[in-house]
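Model the full structure from these sequences, guided by the hints.
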Amino acid sequence: MKNPLDSLWGTVIAGFVLTVILYYVVKSVIGG
Amino acid sequence: MEMLPGIYRWIHIMAGVMWIGLLYYFNFVQVAALKAAQADSTAAGITKHVAPRALFYFRWAAVVTWLAGAALLGSNFGAAFMLQAGFHKIGIGAWLGTIMLLNVWGLIWPNQKKILGLVQATDEQKNKARRVAFLASRTNTMLSIPMLFFMVAQTHMPM
Numbered sequence: 001m002k003n004p005l006d007s008l009w010g011t012v013i014a015g016f017v018l019t020v021i022l023y024y025v026v027k028s029v030i031g032g
Numbered sequence: 001m002e003m004l005p006g007i008y009r010w011i012h013i014m015a016g017v018m019w020i021g022l023l024y025y026f027n028f029v030q031v032a033a034l035k036a037a038q039a040d041s042t043a044a045g046i047t048k049h050v051a052p053r054a055l056f057y058f059r060w061a062a063v064v065t066w067l068a069g070a071a072l073l074g075s076n077f078g079a080a081f082m083l084q085a086g087f088h089k090i091g092i093g094a095w096l097g098t099i100m101l102l103n104v105w106g107l108i109w110p111n112q113k114k115i116l117g118l119v120q121a122t123d124e125q126k127n128k129a130r131r132v133a134f135l136a137s138r139t140n141t142m143l144s145i146p147m148l149f150f151m152v153a154q155t156h157m158p159m
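If you're matching them up, the sequences are chains B and Z in order.
Counting along the first sequence from 1, when you hit position 27 you're at 27 in the numbering used here, and nothing is skipped either side.
Counting along the second sequence from 1, when you hit position 43 you're at 43 in the numbering used here, and nothing is skipped either side.
Note that these hints are calculated values from the structure, not bench results.
Predicted model only: the values in this text are computed from it and were never measured.
Selected chain Z positions facing chain B (Cβ under 10 angstroms, derived; list incomplete):
#, residue
1, V31
2, L135
3, R138
4, M142
5, P146
6, L148
7, F150
Label pairs and their in silico Cβ distance ranges:
#, chain 1, residue 1, chain 2, residue 2, range
8, B, P4, Z, G45, 23 to 33 angstroms
9, Z, L67, B, F16, 27 to 37 angstroms
10, B, V20, Z, F77, 26 to 36 angstroms
We put the CB at the ideal spot given by N, CA and C, even for glycine.
Right, dumping it as structure tokens:
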């Protein structure tokens, strides 16, 4: 599998995906 | 004394703009520019004159950003890093920023010194250093996206 960090846009998309994951993690912690 | 948090925030943002601005310059501009410059043998202009200056401001702006951020957190420093109630968002931002600072000083800068010839390295070591520095820089670009989101979210985005 290709490393997404080898591509600039793969890096940016990975950053947005990580943001969404962390957002829901924090939201569940605050909500819980 | 009541002006201090505002001054810390001002310095934190100014240094942060320089740090992340140069990070984006490296990733969005210089990587592609170097590839093109190597094709027409003009890369020395970048590696000799631009990259060392950019790296100087990049790595020291990272330190100033972190220190001003720590000063801004003040007595809440521990609460943020331990992700205590009310500090989840800024805590995530602070952790991401800290990981990025460690990446700059622990991976990017030591490997860039080999690439730029500031320390002795064989061709094999330079090739390895190029890959490590590149991936560390790309990792920081990726981490900067949630880091900035959570820094802003602490005061501007109710969750």
